[in-house]
Amino acid sequence: MIKAGSISKGMFLLFKNEPYIVSEREFVNPGKGSAFVRVKLKNLKTGLVNRQVIKSQESVEDVDVETKEAQFLYSDGTDLIFMETENYEQIHFPIKGNEDKQAFLREGDTFQVVIWENSPIDIKLPYKMAFTVTESENAARGDTVTGATKIVTIETGYKVKVPLFIKAGDKILINTETGDYVERVN
Amino acid sequence: MEHEYFRKRSYYIQLIRDFFIKKDYIEVDTPVLSPFVIPESGIEVFKTSYINPVNFEQKELYLLPSPEILMKKLLASEPGNIFQIAKSFRNGEQTGSLHNPEFTMLEWYTMDFNYIDSISVIQEFLRYLLTESGRSLNVEYGNTLIDFKAPFIKMTMHDAFKDFAEIDLNTLLDPDSGEKVITKILTEKNLNFTENSEYSTWEVKFNTLFLSLVEPKLPKNRPVILMDYPSGIPTLAKTAENPLYSERWELYISGFEIANCYTEETDYQAVERFILRETEQKKYAAVPVQSDYLFSEIFKNNFPECSGVALGIERVLMILLNCKSIRGVIPFLFF
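Protein chains in written order, with this note's numbering: chain A, 1 to 186; chain B, 1001 to 1335.
So that you can see chain A by itself, here it is in the shape it has in the complex:
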């Protein structure tokens, strides 16, 4: 058990016997009230999102998880197939509910796979990852705030908005949490 005030993003919690990952957390002190945390939880079995407001001093049940290092092999359309680097055993990770992660999985890369009760429940992505631009389209009309941008495709098929000077073959850093372009890597 932990105090709700120490919940952080990426943490695993049990709520009514279902495992959840914390995808957002914000502290709130409503006018002249006591402290609360507002969390967005994703059910690891169903992918459904649940929002809760919890008083900071309340106890919540955290989940005891295990982390394994595994190489991403391929996707079979339903599952993402990983291989544990330690014992070469395969891990099948359902795509449903994890489409956002799939965008940053490159075949052959090694990731941390989180296991709970013998089932994979999460893939830990590095905060920023470098990818090669495979396709670069023509410039999109620039908006006045962020300057001119265009859309490019990276090697996993993911499309991202970048500045005009990025061309096919460039390596770019992407923030895996927001899915946004960060910078060009030389």
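Heads up, some of the hints might be wrong.
What the hints assert, rightly or not - Calculated from the model, a selection of chain B residues having no Cβ within reach of chain A, i.e. all distances over 10 angstroms:
no.: 1; residue: Asn1052
no.: 2; residue: Ser1136
no.: 3; residue: Tyr1229
no.: 4; residue: Arg1248
Stated by the list, open to error - Here are some chain B residues pointing at chain A (derived, C-beta under 10 angstroms):
no.: 5; residue: Tyr1011
no.: 6; residue: Tyr1012
no.: 7; residue: Thr1030
no.: 8; residue: Ser1088
no.: 9; residue: Gly1096
no.: 10; residue: Leu1098
no.: 11; residue: Ser1197
no.: 12; residue: Pro1216
no.: 13; residue: Pro1219
If you're looking for bench data, these hints aren't it; they were derived computationally from the structure. This one's a predicted model, so the numbers in the text were calculated from it and none came from an experiment. Yeah, the Cβ is synthetic: ideal placement off N, Cα and C, and Gly gets one too.
Since the structure of chain A is provided, determine the placement of chain B on it from the hints.
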């Protein structure tokens, strides 16, 4: 980057001063260290001590969580419109995109005003910061364009519950059945993360409901004055004609609290009841405090009828400088 920030901060602080000075408010400068605080169960304080160099006796002092206690003492002896820009401190507070334990508070009191009268002042104040700095009254914040030109949205807590959650707030405030009604709604809506806990007071349940169903739906494209809070949340605001509500509002911009306002309680006995009740609650605080029992005394002799507003300057700077986090406007990180 940081230099640019300090230039902008200094500029806006100067505009804040100009606004109140032009309106004949007197700027006051009350101490940050005080031997007493107003006990508030939702607020933890920083404690330190003064060491007497002769006998090494220690005297406990607190870093004030707001200048309220001393500004009200000033008003008791010298009524008049006053304002202050004060460093304020909150202990045991989670740091996050909206919170830093040390922050800057703007607090002002207007004589013979009530909480409704104060709405026009804050409206004029925020517009002043924009127009004086040559900016448009449409402010881009994140993905939202906030319209400061139109009158701020005024919404009672009762209407907010009705419009956004289809709940009749009066049923939650009934002294006999209110808590049961809230519990039932929390269970039905699957918002009861922790049930039957020792912390589940009426206030905690009410705020859980408010934060889950109402606050996230407050409009973000215009500033919102959310007014008439339940009197079940103890404050130093006057009770409204309908005793279930208090004469107070919170200003929300882009979904977060910027300022709060009361018609200040001036009744000696009401203040004393508040101090006693909160002192009792403070027994459970992480940092025990010395309540100022004499505080209520200042209300015995015709304390001026007035309205007070407290506003978080860093939060206003977040909006003005389009920063998503308070970290963007506080260059010195707390940790």
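Structure-based check of all given hints:
no.: 1; hint: Asn1052; verdict: 36 angstroms, holds
no.: 2; hint: Ser1136; verdict: 13 angstroms, holds
no.: 3; hint: Tyr1229; verdict: 7 angstroms, violated
no.: 4; hint: Arg1248; verdict: 8 angstroms, violated
no.: 5; hint: Tyr1011; verdict: 22 angstroms, violated
no.: 6; hint: Tyr1012; verdict: 21 angstroms, violated
no.: 7; hint: Thr1030; verdict: 21 angstroms, violated
no.: 8; hint: Ser1088; verdict: 13 angstroms, violated
no.: 9; hint: Gly1096; verdict: 4 angstroms, holds
no.: 10; hint: Leu1098; verdict: 7 angstroms, holds
no.: 11; hint: Ser1197; verdict: 6 angstroms, holds
no.: 12; hint: Pro1216; verdict: 8 angstroms, holds
no.: 13; hint: Pro1219; verdict: 17 angstroms, violated
Checked against the numbered hints listed earlier, the structure breaks hints 3, 4, 5, 6, 7, 8, 13; every other hint is satisfied.
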